[in-house]
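> Sequence:
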Amino acid sequence: MASVPPPSPAPQPAKKKKGVEGPRDPKFIRNFSIVAHIDHGKSTLADRLLELTGTYSKREMKEQMLDDMELERQRGITIKARAVSMKYVYQGQEFELNLIDTPGHVDFQYEVSRSLACCEGAVLLVDAFQGVEAQTMANAYQAIEHDLEIVPVINKIDLVHARIDEVKQEMEQTLGIDPDIVLGCSGKTGLKCDEVLAAVIDRVPAPAGDPNAPLQAMVFDSVYDEFRGAVTYVRIMNGTVKKGQRIRFLQAGTTHDVVELGQLAPQRTQREFLSAGQVGYLICNIKSLGHVHIGDTVTVADGEQAEPLPGYHEPQRMVFCGLYPSDGQDFEQLREALGKLSINDPSFDFEPETSDALGFGFRCGFLGLLHMEIIQQRLEGEADIDLVQTAPNVTYRITKHDGEEIEVHTPQRVPDLGEIAEFRQPIVRVNFVLPTDYIGGIMKLCSDRRGTFVRQEYLSPTRAMLVYDLALADVVYDMHDKLKSITRGYGTMDYELRGYEPGELVRLDILVKNERIDALSIVCDKRDAETRGRAVIKKLKTEIPRHMFEVPLQAAIGTRVIARETISAMRKNVIAKCYGGDISRKRKLMEKQKEGKKRMKSIGSVDIPQKAFLAVLETGEDDKR
Numbered sequence: 029m030a031s032v033p034p035p036s037p038a039p040q041p042a043k044k045k046k047g048v049e050g051p052r053d054p055k056f057i058r059n060f061s062i063v064a065h066i067d068h069g070k071s072t073l074a075d076r077l078l079e080l081t082g083t084y085s086k087r088e089m090k091e092q093m094l095d096d097m098e099l100e101r102q103r104g105i106t107i108k109a110r111a112v113s114m115k116y117v118y119q120g121q122e123f124e125l126n127l128i129d130t131p132g133h134v135d136f137q138y139e140v141s142r143s144l145a146c147c148e149g150a151v152l153l154v155d156a157f158q159g160v161e162a163q164t165m166a167n168a169y170q171a172i173e174h175d176l177e178i179v180p181v182i183n184k185i186d187l188v189h190a191r192i193d194e195v196k197q198e199m200e201q202t203l204g205i206d207p208d209i210v211l212g213c214s215g216k217t218g219l220k221c222d223e224v225l226a227a228v229i230d231r232v233p234a235p236a237g238d239p240n241a242p243l244q245a246m247v248f249d250s251v252y253d254e255f256r257g258a259v260t261y262v263r264i265m266n267g268t269v270k271k272g273q274r275i276r277f278l279q280a281g282t283t284h285d286v287v288e289l290g291q292l293a294p295q296r297t298q299r300e301f302l303s304a305g306q307v308g309y310l311i312c313n314i315k316s317l318g319h320v321h322i323g324d325t326v327t328v329a330d331g332e333q334a335e336p337l338p339g340y341h342e343p344q345r346m347v348f349c350g351l352y353p354s355d356g357q358d359f360e361q362l363r364e365a366l367g368k369l370s371i372n373d374p375s376f377d378f379e380p381e382t383s384d385a386l387g388f389g390f391r392c393g394f395l396g397l398l399h400m401e402i403i404q405q406r407l408e409g410e411a412d413i414d415l416v417q418t419a420p421n422v423t424y425r426i427t428k429h430d431g432e433e434i435e436v437h438t439p440q441r442v443p444d445l446g447e448i449a450e451f452r453q454p455i456v457r458v459n460f461v462l463p464t465d466y467i468g469g470i471m472k473l474c475s476d477r478r479g480t481f482v483r484q485e486y487l488s489p490t491r492a493m494l495v496y497d498l499a500l501a502d503v504v505y506d507m508h509d510k511l512k513s514i515t516r517g518y519g520t521m522d523y524e525l526r527g528y529e530p531g532e533l534v535r536l537d538i539l540v541k542n543e544r545i546d547a548l549s550i551v552c553d554k555r556d557a558e559t560r561g562r563a564v565i566k567k568l569k570t571e572i573p574r575h576m577f578e579v580p581l582q583a584a585i586g587t588r589v590i591a592r593e594t595i596s597a598m599r600k601n602v603i604a605k606c607y608g609g610d611i612s613r614k615r616k617l618m619e620k621q622k623e624g625k626k627r628m629k630s631i632g633s634v635d636i637p638q639k640a641f642l643a644v645l646e647t648g649e650d651d652k653r
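For the sequence shown, the tail end lands on 653 under the working numbering, and the numbers increase by one without skipping.
The set of hints was computed from the structure by calculation and includes no laboratory data.
Treat the hints with caution; some may be incorrect.
Within a straight-line C-alpha distance of at most 30 Å, the following computed DSBU-like cross-link-like pairs (lysine-lysine) qualify [to be verified]:
1. LYS569 with LYS620
2. LYS541 with LYS567
3. LYS620 with LYS567
4. LYS541 with LYS566
5. LYS368 with LYS271
6. LYS428 with LYS567
7. LYS512 with LYS472
8. LYS115 with LYS315
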């Protein structure tokens, strides 16, 4: 296997110095991130680099050091990008290496883009067995767009079934990477990880910043601390920031005093100042949640001010759903929890809304279904709020007959059928990377969902890439689960928004006891409406408990009912004590019960449990079979 030879003399961990350190020359700083498909070993490699540089001793080490969120450890995935500063001696000179460990799931692509904006290089990690996957290509292209120096590395070379030469061919064919510059390592055993560090220092350019210029720093992340307020993570582009200095956030237009600053090593380690090229944190006792914006520029409050940096593109929210507190009194608590969470994760947004069925809550926008699930679990775990969640839906654009154009994030806001001139839905281009044996199954799945075939490429004799244009609504709900099922876990997918196209779409309403339940409405293709409606009300029939009166369930498009089920009433045997005798006695008791049921039906209310609101996710595909 061709790889970069180990440097001479061999690199050594830096000895930790005591006292205040002086300003660091930018040419001895390297800022890089690790990007890869999910489960290709980013966090494990980061652990070995932390150990190799002496940032942690072996006694302190544990698996996934940078995944410090409880949810990350439970799921075994990285959710938040984490920055860490390491010191490393290479060829007799001490270097400062700032590593940003990034998530691999498509839903957290925004975290990756923010991290790459703070780096000059990226270690592109590829699994020695699984090879190039969909998200590998997406991350590689993103790094190329940011003009980063790419250090290609094949991880897990210690595996018995590693396909190192074949994976190099895949990297050359799909990404145009020269096989001779590809390194091999094992993040698990630490094999050849020193070569990765040497390559980062040799190949990644030093940051081009001037420590003597006016202060210019980019805010790339932040977190809310209960006692310290908002902790802001910054990359210093130019100039120097010192403790006690007065700084200004240009986008927010606010000024603050720097109470504390330092670097993450990986815990907060205080410094006297941060200079050009360094990555660190600022604490300014910011208590107001509206004063921190990801992508904002920090400069000095007095004297010559720097130009604002371009910042980040606004993330494209793909999936929307309603979050309501199960106890209506927790509304303000939920608002506060969402505000704190949005400081740490700016890729979701929220706005208040009301529902006839659920009361006061929030309509929230997310990057995908996993992102939605993570936010919900963080709210329940960190803020201890019991939530009711409505079924997720995507954004649609509607043109009315009077020429008005509207964007709807919730089915309740879709106008009546007679008012709509054109109904447009978001279309995404999906890249499937899978073994060639399963191409037929995925093609059938995409054609069943009315996808448009774009192209097919062979990455190697046994692996191929299929590209389809599909409606986003068909992709976000269960496409990933179907893909894993059809390909027995070997297929991966990645998607990007292409635009909006007209479709045969309708709003499907669910009526419970002749009343439309707004939280159960969905938007779907007209051709699937009947199947989908029947599947939903069948599911509702099993989820809604029986009442003392009959409960009709209906699925309707406008005024036309397309499916119906009835939950029968609970009935007491009122004639059980009548042992024979006159039939009129029994009839009288039956009529009396009938009158009571009729009165109860007119004034009784139906209790709908939380599970019922998720029943609208039923696609009706099982029903078709």
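> Indicate, hint by hint, whether the structure satisfies it.
Consistency of the hints with the structure:
1. This hinted pair checks out: LYS569 and LYS620 have alpha carbons roughly 28 Å apart, not beyond 30 Å.
2. A C-alpha spacing of about 16 Å is found between LYS541 and LYS567, which places the hinted pair at or below 30 Å, so the restraint holds.
3. A threshold of 30 Å between alpha carbons decides the hint, and for LYS620 with LYS567 the separation of about 33 Å lies outside it, so the pair is violated.
4. In summary, the hint linking LYS541 to LYS566 is supported, as the alpha carbons are separated by about 15 Å, within the 30 Å threshold.
5. With a CA separation close to 25 Å, the supplied pair LYS368 and LYS271 stays within the 30 Å bound.
6. Among the hinted pairs, LYS428 with LYS567 is inconsistent with the structure: their alpha-carbon atoms are about 34 Å apart, more than 30 Å.
7. With a CA separation close to 15 Å, the supplied pair LYS512 and LYS472 stays within the 30 Å bound.
8. Distance restraint check for LYS115 and LYS315: the Cα-Cα separation of roughly 33 Å exceeds the 30 Å cut-off, and the hinted pair is therefore not satisfied.
Comparing the model with each earlier hint shows violations of hints 3, 6, 8; every other hint is respected.
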